[in-house]
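K.L.:
Chains as they are written, first to last, in this note's numbering: chain V, 103 to 378; chain D, 4 to 219.
No lab work stands behind these hints, which were simulated from the structure alone.
Since no wrong hints were added, every one of them can be taken at face value.
Coverage of chain V stretches by chain D, computed from C-beta distances (three or more under 8 Å per stretch; other residues unrestricted): (1) 133-141; (2) 220-226.
Listed next, the in silico DSS-like pairs over lysine-lysine satisfying Cα-Cα at most 30 Å (straight line): (3) Lys375(V) x Lys15(D); (4) Lys19(D) x Lys375(V); (5) Lys319(V) x Lys170(V).
The structure displayed is predicted, hence computed values, not measured ones.
Heads up, the beta-carbon is just placed ideally off N, CA and C, and yes, glycines get one too.
Residue strings, one per chain:
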Amino acid sequence: MSEAFGALGKPEEGRDFSRTLNGFAIQWRVVRALLLREMQTRFGRNQLGFLWLFLEPLMLALAIAFVKSFVLGRGREYPGVSTFVFCLVGYLPYFTFRAIVSRAPGTLRSNMSLLYHSHIKLIDVVLARHLLEAAAVVTVMTMIVFGIAIWADLPPNNVPALLFGLILLFLYAQGLGLLAAAGSAASEVVERLIHPLVYLSLPLSGALIPLHELPPKLREVLLWNPQAHIHEMVRDGFFGHVLPSYYSPGYLLFAAALVNLLGLAALRAVRPKLEF
Amino acid sequence: MIVLRNVSKYYKMRGKGVRWILRDTSAVIRRGDRVGILGRNGAGKSTLMRLLGGVEFPSEGRIERRMSVSWPLAHGIGVHSSLTGADNARFVARIYGRPVDEIVEAVNEFAELGAYMDMPVSTYSSGMMSRLLLGLSMAMDFDCYLIDEATSVGDSRFIMRTQQRLENKLRDSAVVMVSHHAMHIRSFCRTAAILHEGSLTFFEDLDEAIATYEAL
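When you get a sec, could you build the whole thing from the sequences and use the hints?
P.N.:
Below, the structure written as structure tokens:
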């Protein structure tokens with residue numbers, strides 16, 4: 103942010119461009135330090151804790167897929183796509199989305215004392231947490247993709263689509279997370295609404311139902327939700343044309359850019375009002 | 004220099020009115036200054052420190068920091084309680100872009116925490132905490148140190164060491180310290196100010212400030 107001048111420098115020092123570069127250097131330094139600290143406090147100093155970061159979403163997605171495919175036994179089979187794999191691929195992006203958006207307010211509140219170090223900006227605290235979540239989901243996805251490719255002999259159809267889908271998922275969730283954090287810092291009502299809204303978005307996101315199965319009118323409605331585009335994109339990357347998909351990367355990119363800009367503006371607006 | 008230009012700070016109270024911490028105050032803190040700020044409980048001393056440190060923003064007016072200013076040093080502030088002293092030193096070194104190992108060494112040498120350096124900060128006594136905080140901030144070589152809660156600065160031996168360090172190594176650094184104890188201000192500061200009911204009054208003479216404060 104604009105006030106991020108050097109540790110020992112004066113604000114007047116240097117031209118605008120070098121100040122911006124210096125700001126980025128400080129921001130990178132701070133986010134890196136926060137990431138290292140976050141890993142220490144969250145997982146302690148033993149390696150099992152670190153492993154847990156990957157095991158947690160994997161186990162949850164596996165459990166949901168298991169319940170859906172073996173206990174409930176519903177859902178249509180597509181040639182070469184088991185319900186089990188389908189649920190896994192559908193639920194994991196939602197899991198990441200929920201982890202980022204609904205944890206953002208708590209991240210802010212529990213890290214307020216970090217703001218005593220004036221180099222640390224609100225955005226750094228939230229960004230470090232989000233990067234950690236993103237690293238987790240990318241690692242888990244990679245493991246799953248390899249697992250399915252090896253045991254089920256089903257390599258992902260379109261790796262770039264899968265990868266871009268995940269990047270857009272991260273960007274979109276990050277923007278909403280910023281808004282959620284700023285919103286709950288400003289008002290308690292907003293904070294209470296975030297959890298229910300995130301859960302409500304699950305049936306509206308098409309995470310567990312392919313849009314192809316829906317009547318066209320309903321599909322049109324769901325496609326207003328950028329989450330639906332994310333899930334369709336990730337599924338397309340995974341299953342390809344076995345399952346016709348409906349998404350627009352342009353719309354997603356626009357939605358991600360919009361929520362990020364609004365989120366940054368909201369954080370900036372709320373910062374001077376924070377009380378310690 | 005830290006420049007305060009027409010700074011006001013107030014909090015909206017639930018229900019009725021506002022509580023003033025500062026009203027239209029202008030002041031300058033220069034390198035080499037040792038200012039003690041006296042104020043009763045609830046006068047807003049810690050808020051003033053947060054304003055000076057850039058943690059909290061003034062309601063009106065501007066605060067310009069033209070030197071590097073430490074974070075307000077108070078019990079448990081700026082450190083993470085579940086991490087060890089050494090981990091905290093590494094974290095702070097990374098934030099401020101300083102060589103990590105050197106800083107851990109410097110903190111260890113100044114704070115004399117011994118084996119506690121590798122214990123979680125939550126196990127520290129208040130004296131150990133303030134030794135860690137002062138050690139951390141001194142290792143960062145700030146131009147200005149904001150010291151809150153002077154009540155737990157440590158035992159007399161450590162106070163002497165801190166004074167010595169401030170005199171020698173940090174000759175042209177500034178110190179702003181708040182306390183409700185005149186004694187602490189006397190042992191670290193050269194001038195003083197009184198924060199009372201929204202106004203900050205500076206005194207050139209320490210004794211005069213203390214006498215005025217005690218007569219409040």
